Amino acid sequence: MDCVSPILDVVTRVWDCTAKHAVYIRDLQENMDSLRNAMQELKNVHEDVKGRVELEEQRQMRRTNEVDGWLHGVLAMEIQVNEILEKGDQEIQKKCPGTCCPRNCRSSYKLGKKATKKLGAVIELRNKGRFDVVADRLPQAPVDERPMEKTVGLDLMFTGVCRYIQDEELGIIGLYGMGGAGKTTLMTKVNNEFIRSSKSFEIAIWVVVSRPASVEKVQDVIRNKLDIPDDRWRNRTEDEKAVAIFNVLKAKRFVMLLDDVWERLDLQKVGVPSPNSQNKSKVILTTRSLDVCRDMEAQKSLKVECLTEDEAINLFKKKVGETTLNSHSDIPQLAEIAAKECQGLPLAIVTIGRAMADKKTPQEWERAIQMLKTYPSKFSGMGDHVFPVLKFSYDNLPNDTIRTCFLYLAIFPEDHEIWDEDLIFLWIGEGFLDGFASIDEALNQGHHIIEHLKTVCLFENGLFDRVKMHDVIRDMALWLASEYRGNKNIILVEEVDTVEVYQVSKWKEAHRLHLATSSLEELTIPPSFPNLLTLIVRSRGLETFPSGFFHFMPVIKVLDLSNSGITKLPTGIEKLITLQYLNLSNTTLRELSAEFATLKRLRYLILNGSLEIIFKEVISHLSMLRVFSIRSTYHLSERNDISSSTEEEEEEEANYSRKDDKAIYLHEDNKALLEELEGLEHINWVSLPIVGTLSFQKLLNSQKLLNAMRDLDLWNLEGMSILQLPRIKHLRSLTIYRCGELQDIKVNLENERGRRGFVADYIPNSIFYNLLSVQVHLLPKLLDLTWLIYIPSLKHLGVYHCESMEEVIGDASGVPENLSIFSRLKGLYLFFVPNLRSISRRALPFPSLETLMVRECPNLRKLPLDSNSARNSLKTIDGTSEEAALLPFPTLLPASPMYALSGQVFEEYLTQLKLLAIVGSLDALCA
Numbered sequence: 001m002d003c004v005s006p007i008l009d010v011v012t013r014v015w016d017c018t019a020k021h022a023v024y025i026r027d028l029q030e031n032m033d034s035l036r037n038a039m040q041e042l043k044n045v046h047e048d049v050k051g052r053v054e055l056e057e058q059r060q061m062r063r064t065n066e067v068d069g070w071l072h073g074v075l076a077m078e079i080q081v082n083e084i085l086e087k088g089d090q091e092i093q094k095k096c097p098g099t100c101c102p103r104n105c106r107s108s109y110k111l112g113k114k115a116t117k118k119l120g121a122v123i124e125l126r127n128k129g130r131f132d133v134v135a136d137r138l139p140q141a142p143v144d145e146r147p148m149e150k151t152v153g154l155d156l157m158f159t160g161v162c163r164y165i166q167d168e169e170l171g172i173i174g175l176y177g178m179g180g181a182g183k184t185t186l187m188t189k190v191n192n193e194f195i196r197s198s199k200s201f202e203i204a205i206w207v208v209v210s211r212p213a214s215v216e217k218v219q220d221v222i223r224n225k226l227d228i229p230d231d232r233w234r235n236r237t238e239d240e241k242a243v244a245i246f247n248v249l250k251a252k253r254f255v256m257l258l259d260d261v262w263e264r265l266d267l268q269k270v271g272v273p274s275p276n277s278q279n280k281s282k283v284i285l286t287t288r289s290l291d292v293c294r295d296m297e298a299q300k301s302l303k304v305e306c307l308t309e310d311e312a313i314n315l316f317k318k319k320v321g322e323t324t325l326n327s328h329s330d331i332p333q334l335a336e337i338a339a340k341e342c343q344g345l346p347l348a349i350v351t352i353g354r355a356m357a358d359k360k361t362p363q364e365w366e367r368a369i370q371m372l373k374t375y376p377s378k379f380s381g382m383g384d385h386v387f388p389v390l391k392f393s394y395d396n397l398p399n400d401t402i403r404t405c406f407l408y409l410a411i412f413p414e415d416h417e418i419w420d421e422d423l424i425f426l427w428i429g430e431g432f433l434d435g436f437a438s439i440d441e442a443l444n445q446g447h448h449i450i451e452h453l454k455t456v457c458l459f460e461n462g463l464f465d466r467v468k469m470h471d472v473i474r475d476m477a478l479w480l481a482s483e484y485r486g487n488k489n490i491i492l493v494e495e496v497d498t499v500e501v502y503q504v505s506k507w508k509e510a511h512r513l514h515l516a517t518s519s520l521e522e523l524t525i526p527p528s529f530p531n532l533l534t535l536i537v538r539s540r541g542l543e544t545f546p547s548g549f550f551h552f553m554p555v556i557k558v559l560d561l562s563n564s565g566i567t568k569l570p571t572g573i574e575k576l577i578t579l580q581y582l583n584l585s586n587t588t589l590r591e592l593s594a595e596f597a598t599l600k601r602l603r604y605l606i607l608n609g610s611l612e613i614i615f616k617e618v619i620s621h622l623s624m625l626r627v628f629s630i631r632s633t634y635h636l637s638e639r640n641d642i643s644s645s646t647e648e649e650e651e652e653e654a655n656y657s658r659k660d661d662k663a664i665y666l667h668e669d670n671k672a673l674l675e676e677l678e679g680l681e682h683i684n685w686v687s688l689p690i691v692g693t694l695s696f697q698k699l700l701n702s703q704k705l706l707n708a709m710r711d712l713d714l715w716n717l718e719g720m721s722i723l724q725l726p727r728i729k730h731l732r733s734l735t736i737y738r739c740g741e742l743q744d745i746k747v748n749l750e751n752e753r754g755r756r757g758f759v760a761d762y763i764p765n766s767i768f769y770n771l772l773s774v775q776v777h778l779l780p781k782l783l784d785l786t787w788l789i790y791i792p793s794l795k796h797l798g799v800y801h802c803e804s805m806e807e808v809i810g811d812a813s814g815v816p817e818n819l820s821i822f823s824r825l826k827g828l829y830l831f832f833v834p835n836l837r838s839i840s841r842r843a844l845p846f847p848s849l850e851t852l853m854v855r856e857c858p859n860l861r862k863l864p865l866d867s868n869s870a871r872n873s874l875k876t877i878d879g880t881s882e883e884a885a886l887l888p889f890p891t892l893l894p895a896s897p898m899y900a901l902s903g904q905v906f907e908e909y910l911t912q913l914k915l916l917a918i919v920g921s922l923d924a925l926c927a
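Going by full-length UniProt numbering, the first residue of the sequence shown is number 1, and it counts up by one from there.
Everything labelled a hint here was simulated from the structure, so no lab data went into it.
For clarity, every value in this text was computed on a predicted model and none was experimentally measured.
Glycine included, each C-beta is placed from N, C-alpha and C at the ideal position.
A couple of the hints might just be wrong.
[Said to hold, decoys possible] So the derived label-pair ranges between C-beta atoms look like this:
hint: 1; residue 1: C162; residue 2: N396; range: 26 to 36 Å
hint: 2; residue 1: E240; residue 2: M61; range: 21 to 31 Å
hint: 3; residue 1: R146; residue 2: T323; range: 23 to 33 Å
hint: 4; residue 1: K340; residue 2: Q697; range: 50 to 60 Å
hint: 5; residue 1: S210; residue 2: E169; range: 21 to 31 Å
hint: 6; residue 1: P858; residue 2: K340; range: 39 to 49 Å
hint: 7; residue 1: K250; residue 2: E216; range: 19 to 29 Å
[To be verified] The calculated lysine-lysine pairs, modelled on DSSO-like cross-linking and capped at a C-alpha distance of 27 Å, are:
hint: 8; residue 1: K280; residue 2: K300
hint: 9; residue 1: K118; residue 2: K87
hint: 10; residue 1: K826; residue 2: K862
hint: 11; residue 1: K50; residue 2: K128
Please model the entire structure based on the sequences and the hints provided.
Structure representation (structure tokens):
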């Protein structure tokens, strides 16, 4: 028995081993089927995961390395499994006929064993395919290219912006301009064509800020670009998010592109490091307001101007398309006319150009152009696309007063320029600025409003101190003031040679009407203006109004007939008992008749021009009068012989010989007028010529008139050799004319020495602090104007026909050193001063001087200039060839008998002067 047990144990072990291995052969078919089924399940999971990955990749995600490895592993596994299945199927087909035994047991055994092992691997790989996350976000590109069409007319601005970006001293750059001018397009061009190709920045971040500026929203955009992980962002405070952004950006050279900024965005709160020359980062912003550039502390602000006429035409034709332009020979010329209506505004050009792309007959173009001129809001795209974009600027204005003042300028025709002060006085007359205690405060607020409207690009600078409105902005303003509010006739601007009867019907609805016409003869029946508040008629060709024209204006407040051709007061004006503002300036009106006294509610009376006679007791009856202005142009005569007289003057003198005892003759002794003005309770603003010594003495004796005086013209002060100017705190301009004996002008400083804010301190309470303009005409014995050293705010000085004057500023040795002479002077005009030898005995800095004009001053040998004079301000030098020799290095000037240096020529001249100044050779030639 002992020998049997070991034998049985060996047999048992052999049997178990044989049975274990035999199963691979016996169950080969079953194992192959299991492997095939498992592989199909793995492929199904593979397709599901692959589909998820492809979807995420369409969302700009990137598959994880784990998922990518698994997908490749499945493909490799499929190849291996297919190989096993193929061999297994072949082996099963090779069984001995009539039996289930394989022909090659060893081969079947190997296949069975491999199939079993691979089945486990397939199941394991399938189980690994249960992914929660299949893709991660792609890392952000350093600079994203933004969609943009080919630009027109931006190359010069683009070059300038790129140059400023390369300037390491400029950290923040502002691009400002009116809506639709192309600011965003310009910044997009900078992003795509300069920053992307530049090696200067590691990352560029574009943020559309809009209004209101939200720190949180800006932070979210920056975070997405910087790939800050969720665990450092979610549920964090604004300050913690700012720290996270700061810690990333402080290690990078970045450029932050902020589009559509309407108000200050605190970059520190956002987490953006301050760009400077050390970190070499930049912030570039676009806005409609220069004030926003200042609030954002931009070191450089560039205005994005509208396109030039040629650029506008090119862009317009590009949008219209060659097919339409070539459809008729007249269309290219009509396209140019239509393009000009857009005044270079790209938004309008593109909108109108696209609308005209399918118009292929001249008749369609002519109708479209007429619509643009008369009803632009009805033109396709203007009322629903262009105007709403521009309206954002209007909506963003600080208050309703500024909005009203903005809309008011639209009452004037296209391209019209109006003096700032004329516009402000109209605003005052309308009651827009009634909340101020004095006219001065209202006037200052008016200037502030104009400057604000300029900074937000709703107003534009005109020539000198004028303002104007871009044509498309004006169209938008008219749309806002009338059609947008449901009454298209509330503001009417009639520009026709002759007004026809049929046009008058819509006047009944008008609240404000501007007439630019040369004839009203067709109006045989007096028109009715039941709602009219404002009538402006500024037309040189219109000399008369038809009978009864002013009879039916029951609520009118403002009447402006300035710059019209009227020679006498139109009949019926005396019936306008509600009138509060009347401007008859720059007409040929000679007298103000007694009927005028019926205008009891009149507050503002402006008569600048050629008025000669006011009948007595007219002004005294205007009990509500606050502003009275007569700025005569009589003194502008350039006659240099006081005793000479023209035939016209002789005729005037003959007319004066037939005097009316009830009249005040303004060009003679007008003391009676001063007495009437003094008796008015509310008068606080007077601009007036004072004629004769008696009138001047009346002024000196009336503190009320001295306080009210704003613009003073002194004429014909007979027998006066020394003029002692009184303290006139609010005086803005002074003209002294035809005073034949006058030798010296003095100001009384004795009463000022102890006064708080004496002139040397430049405090507004100083004597003559508000005096901006001084003009002296036909003063043959005047020696100098040394008293001007005490006029700290002087901007314009004109000296004409002063034969005895040898120097403008005489001995100023006693002047305090801190008293900067002519520090604010912008314009200096010296005409026909034959004995003038110098302007000043020492060189003056002239930091504000823009224009210097010298004519017929043969003895003037030197100008008070040195290498630092007017270094950054002087724009124009004008004179004859003799005066050219007064300038430093006159050989640098253009060869011409008459020179007027400005623009590029003047820039070149100054550049050469500065080069010479560097080597120290300039100052010696200037005195």
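Do the hints match the structure? See the list:
| no. | hint | result |
| --- | --- | --- |
| 1 | C162 x N396: 26 to 36 Å | 30 Å, holds |
| 2 | E240 x M61: 21 to 31 Å | 27 Å, holds |
| 3 | R146 x T323: 23 to 33 Å | 29 Å, holds |
| 4 | K340 x Q697: 50 to 60 Å | 59 Å, holds |
| 5 | S210 x E169: 21 to 31 Å | 30 Å, holds |
| 6 | P858 x K340: 39 to 49 Å | 48 Å, holds |
| 7 | K250 x E216: 19 to 29 Å | 21 Å, holds |
| 8 | K280 x K300 | 16 Å, holds |
| 9 | K118 x K87 | 14 Å, holds |
| 10 | K826 x K862 | 19 Å, holds |
| 11 | K50 x K128 | 14 Å, holds |
Of the numbered hints stated above, none is contradicted by the structure.
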